[in-house]
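Start from the sequences and build out the full structure, keeping to the hints where you can.
Residue strings, one per chain:
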Amino acid sequence: MKIFSESHKTVFVVDHCPYMAESCRQHVEFDMLVKNRTQGIIPLAPISKSLWTCSVESSMEYCRIMYDIFPFKKLVNFIVSDSGAHVLNSWTQEDQNLQELMAALAAVGPPNPRADPECCSILHGLVAAVETLCKITEYQHEARTLLMENAERVGNRGRIICITNAKSDSHVRMLEDCVQETIHEHNKLAANSDHLMQIQKCELVLIHTYAVGEDSLVSDRPKKELSPVLTSEVHSVRAGRHLATKLNILVQQHFDLASTTITNIPMKEEQHANTSANYDVELLHHKDAHVDFLKSGRSVLLEQPRKSGSKVISHMLSSHGGEIFLHVLSSSRSILEDPPSISEGCGGRVTDYRITDFGEFMRENRLTPFLDPRYKIDGSLEIPLERAKDQLEKHTRYWPMIISQTTIFNMQAVVPLASVIVKESLTEEDVLNCQKTIYNLVDMERKNDPLPISTVGTRGKGPKRDEQYRIMWNELETLVRAHINNSEKHQRVLECLMACRSKPPEEEERKKRGRKREDKEDKSEKAVKDYEQEKSWQDSERLKGILERGKEELAEAEIIKDSPDSPEPPNKKPLVDMDETPPVEKSKGPVSLLSLWSNRINTANSRKHQEFAGRLNSVNNRAELYQHLKEENGMETAENGKASRQ
Amino acid sequence: MPTVVVMDVSLSMTRPVSIEGSEEYQRKHLAAHGLTMLFEHMATNYKLEFTALVVFSSLWELMVPFTRDYNTLQEALSNMDDYDKTCLESALVGVCNIVQQEWGGAIPCQVVLVTDGCLGIGRGSLRHSLATHNQRSESNRFPLPFPFPSKLYIMCMANLEELQSTDSLDCLERLIDLNNGEGQIFTIDGPLCLKNVQSMFGKLIDLAYTPFHAILKCGHLTADVQVFPRPEPFVVDEEIDPIPKVINTDLEIVGFIDIADISSPPVLSRHLVLPIALNKEGDEVGTGITDDNEDENSANQIAGKIPNFCVLLHGSLKVEGMVAIVQLGPEWHGMLYSQADSKKKSNLMMSLFEPGPEPLPWLGKMAQLGPISDAKENPYGEDDNKSPFPLQPKNKRSYAQNVTVWIKPSGLQTDVQKILRNARKLPEKTQTFYKELNRLRKAALAFGFLDLLKGVADMLERECTLLPDTAHPDAAFQLTHAAQQLKLASTGTSEYAGYEHNITPLHTDFSGSSAERM
Chain A
3 MKIFSESHKT
13 VFVVDHCPYM
23 AESCRQHVEF
33 DMLVKNRTQG
43 IIPLAPISKS
53 LWTCSVESSM
63 EYCRIMYDIF
73 PFKKLVNFIV
83 SDSGAHVLNS
93 WTQEDQNLQE
103 LMAALAAVGP
113 PNPRADPECC
123 SILHGLVAAV
133 ETLCKITEYQ
143 HEARTLLMEN
153 AERVGNRGRI
163 ICITNAKSDS
173 HVRMLEDCVQ
183 ETIHEHNKLA
193 ANSDHLMQIQ
203 KCELVLIHTY
213 AVGEDSLVSD
223 RPKKELSPVL
233 TSEVHSVRAG
243 RHLATKLNIL
253 VQQHFDLAST
263 TITNIPMKEE
273 QHANTSANYD
283 VELLHHKDAH
293 VDFLKSGRSV
303 LLEQPRKSGS
313 KVISHMLSSH
323 GGEIFLHVLS
333 SSRSILEDPP
343 SISEGCGGRV
353 TDYRITDFGE
363 FMRENRLTPF
373 LDPRYKIDGS
383 LEIPLERAKD
393 QLEKHTRYWP
403 MIISQTTIFN
413 MQAVVPLASV
423 IVKESLTEED
433 VLNCQKTIYN
443 LVDMERKNDP
453 LPISTVGTRG
463 KGPKRDEQYR
473 IMWNELETLV
483 RAHINNSEKH
493 QRVLECLMAC
503 RSKPPEEEER
513 KKRGRKREDK
523 EDKSEKAVKD
533 YEQEKSWQDS
543 ERLKGILERG
553 KEELAEAEII
563 KDSPDSPEPP
573 NKKPLVDMDE
583 TPPVEKSKGP
593 VSLLSLWSNR
603 INTANSRKHQ
613 EFAGRLNSVN
623 NRAELYQHLK
633 EENGMETAEN
643 GKASRQ
Chain B
1027 MPTVVVMDVS
1037 LSMTRPVSIE
1047 GSEEYQRKHL
1057 AAHGLTMLFE
1067 HMATNYKLEF
1077 TALVVFSSLW
1087 ELMVPFTRDY
1097 NTLQEALSNM
1107 DDYDKTCLES
1117 ALVGVCNIVQ
1127 QEWGGAIPCQ
1137 VVLVTDGCLG
1147 IGRGSLRHSL
1157 ATHNQRSESN
1167 RFPLPFPFPS
1177 KLYIMCMANL
1187 EELQSTDSLD
1197 CLERLIDLNN
1207 GEGQIFTIDG
1217 PLCLKNVQSM
1227 FGKLIDLAYT
1237 PFHAILKCGH
1247 LTADVQVFPR
1257 PEPFVVDEEI
1267 DPIPKVINTD
1277 LEIVGFIDIA
1287 DISSPPVLSR
1297 HLVLPIALNK
1307 EGDEVGTGIT
1317 DDNEDENSAN
1327 QIAGKIPNFC
1337 VLLHGSLKVE
1347 GMVAIVQLGP
1357 EWHGMLYSQA
1367 DSKKKSNLMM
1377 SLFEPGPEPL
1387 PWLGKMAQLG
1397 PISDAKENPY
1407 GEDDNKSPFP
1417 LQPKNKRSYA
1427 QNVTVWIKPS
1437 GLQTDVQKIL
1447 RNARKLPEKT
1457 QTFYKELNRL
1467 RKAALAFGFL
1477 DLLKGVADML
1487 ERECTLLPDT
1497 AHPDAAFQLT
1507 HAAQQLKLAS
1517 TGTSEYAGYE
1527 HNITPLHTDF
1537 SGSSAERM
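Chains as they are written, first to last, in our numbering: chain A, 3 to 648; chain B, 1027 to 1544.
Be aware that a few hints might be false.
Stated by the list, open to error - Cross-link-like lysine-lysine pairs, in silico, DSS-like; alpha carbons within 27 angstroms at most: (1) LYS76/A - LYS1420/B; (2) LYS1391/B - LYS76/A; (3) LYS438/A - LYS449/A; (4) LYS1243/B - LYS4/A; (5) LYS313/A - LYS1369/B; (6) LYS1271/B - LYS4/A.
Note that these hints are calculated values from the structure, not bench results.
This is the structure we're talking about:
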């Protein structure tokens, strides 16, 4: 494809000399008798169009087709010629529509039959046409600016369609010579100008038109090269519909158009679908009901009969914003047939993707046009699409893909925080909501509410309640930390989170005991139950230290040992990175800011509490569980290694 | 891009080459060796490619129709007989037929021609074909350029010196030229032996059969993918931008759009996006596509159980009925969507739009698409009941407005009758009457068709005389007024024939006093 081919610039030169006011001698009946009219009325005499009317009408139709199919980058300059040249529009895109041209033509009006024929000539128009072809279009200018040192790649070609009434073949030759000479002269001028371009190729299409019934004084001649720059062809056409047909053929040739006739279109729209009347539309002359049907946003599939008698769906007509598009559908075999299903490929066996959540994510990241330019704080132009990418980056900083990889995204209570923390900036209200969310979670923890911790891959009930909360808090921290650099308010959310979750276990324990004591006093009937709870809680508290340490190994061992078919959670890292300070000797690669920070926090925290007995007494980081049971009952329950499953 | 292997089985292919060890090789053995290597490569790394095998001498035969079963192709290689002389033109005609029948004229195909550079003798020889190239009619058109987008790779079982000693190389180069330069000639470097044939086919594989690997990204969510078929380089404008554009290996999602909004956009090509598992060296260890190989199976099974972003994306696109807009390069975009085949197998697909700032007019400029959170209010509405798309074009198309065309008499007659119909229903239809009248007036003035204005004025005057006694008095006033105005316009004087001027209804008042302004 070439943008700057001959079709980029079309100059119409239409003869406006007195003889063009003559009738084309093709009558049009315009006073058609209608049914149920009083008898005896004689219809008004038919009228006929002038050569001028035929020429203008046909060239407007040429432009209409061109503009409909190529709303941009295909430009027309319209010139009428009599005692001088009247250039009706310019190459600018604003001038490129039928309304402008029609208004300009109306201002010119039909040729004056009484004007002095000696003063009038088509030559004025042809000279102006060459001149206008040297003028640069905005597209040429833009491309030249963009290509910089390669600006010479931008071509300057064009086509002159001249509709006139010539006197003879030698008259035609004179016109051609004139164009050739003018090009030669203007190219010299253009060579020394910045805002003019030399014409590299010009296609002259001379159309001699004459009244029906007359003999043509000019003979047809196919395209012929007159010089390396100029080719010329001559068409001798009767006026009226013959001229319109000729220009219709030409526009198809010039713009490489095809004509598709749609047959058997049901008359009217669907409300009259029962009637059997059908009609046909050739897809270059359509402005019928069928088009309205499309404009309502529907598509129509078109069938094509095959030699065998069968039919195949070959095209689709659809409309977008009032523009009609004809799509060619492939009717042969597809090279993409029988592809492997996505469920057979990588990740295809995983069944707990967060499909609904990602759907929600996609809806939040939908695009919309921003037609007015926006500017950044530094005054530079903001590109909306770049903003869209930024948002995707922010929204995906922590985004577990499967349900069993996350706790917080399975909790309704976290939504108010999770939905705003990803934002670029937070309002005071947002911060407040985040804080509320955190307090709410603290409250849930105090009440010992269950959490939607995934038990996939683990047998039994999964981790204990307080361990569940640890996992949840860690995950929440990961999410918030991913956004602390967005703004100072994000930082405040993290501070709130850290303050709420960092209470030393001893203190928590004391509080809990105190609270429970009160409960007991109030509701003595529950005493027994409470006692049991407390006991189990104590047990779990004892296990906590060991668990904390061995969680990762245990969890992994659990999954692999106990259910070999279960998927290995590949992204568990974010969950454990937070609370497990990686032993220094293990971290070989560069240390992330996150782990530096967690290191510091953990060291600080460790100073605030006593090390657990289990960890202190451990051998090779392993502590024997349920030693008390052994002591009390003398049973060896602890040795079967299932402690972690309680 | 389906492949047709066109194998020369003429007698000259049985010429022996230098002895390696105790075995004697013929050129056809070298060719079969090279093709085996190609087929093995495809079976592992390019398994969705359809390949057909054609053999030819003075006749041609389709040995294996298009298939992904590389065992069948391999078997066919070992079952080839020797025939008479080389007749390339008829074989190429055969290729045209086979490809067009199977894939039509729009799907790009690669033709791998394996020959020894002996181009036949007499009628049907390549020399004869080229010599008569200019004397062809439409019915015996030379098969090149192929009537479908194509690459012609000529694998010569000969080295350059040998080809240059005759005019063989010139003739083969001529073939590539005739195919609009689409293709390449490969010759054996150094002596004819298995090793050098391998290296020649290795070059073909590197050029045409390396899988396209990319990373699909959506913010921090990523997946390694293979895009099949390989996206081909695209030339936007051969003149001002002749360098073919190639898509990025980072496919970055920029946002999402409802399927109903993107509708059925025109696309350059469509591709499968297959998640792949890569090992540390970046080699593909499995696409998850089932295979007979046991090792691969287990690797695939593991890969199948690791969560993959492609699967998540595909699932949500399918459920939500949306597409992801993906950036392919500077000012080049495409879309990702879920597509199910007839067997309900679902897949992640990518379609490439035409490069440019505004590939789909109803979405506007791609760079101007931004996140909905930046908009003052959600353009999709709180209940998801609105859409910012489609954008309306600045200039309506002629079929989306009331354009007047009188090229056929019926167009003119319809417009005149519309006026007449409304004239008979005055004063109820006053607005429509004047609207139609003004439309006709404008068109007549633009086309310089003043006789029509006079004619319609006469007609309205006649209508006035035909009004029944029961007619509203206003009807007569309006008809007379309209006729008078048209007559004035038909004089063409600028005072009355202004294009922007509209004839307005005569102001009458029949409720109270009589028509005072008459």
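Status of each hint after checking the structure:
no.: 1; hint: LYS76/A - LYS1420/B; in the structure: holds (16 angstroms)
no.: 2; hint: LYS1391/B - LYS76/A; in the structure: holds (19 angstroms)
no.: 3; hint: LYS438/A - LYS449/A; in the structure: holds (16 angstroms)
no.: 4; hint: LYS1243/B - LYS4/A; in the structure: violated (34 angstroms)
no.: 5; hint: LYS313/A - LYS1369/B; in the structure: holds (23 angstroms)
no.: 6; hint: LYS1271/B - LYS4/A; in the structure: holds (15 angstroms)
Going through the hint list in order, the structure does not satisfy hint 4, though it satisfies all others.
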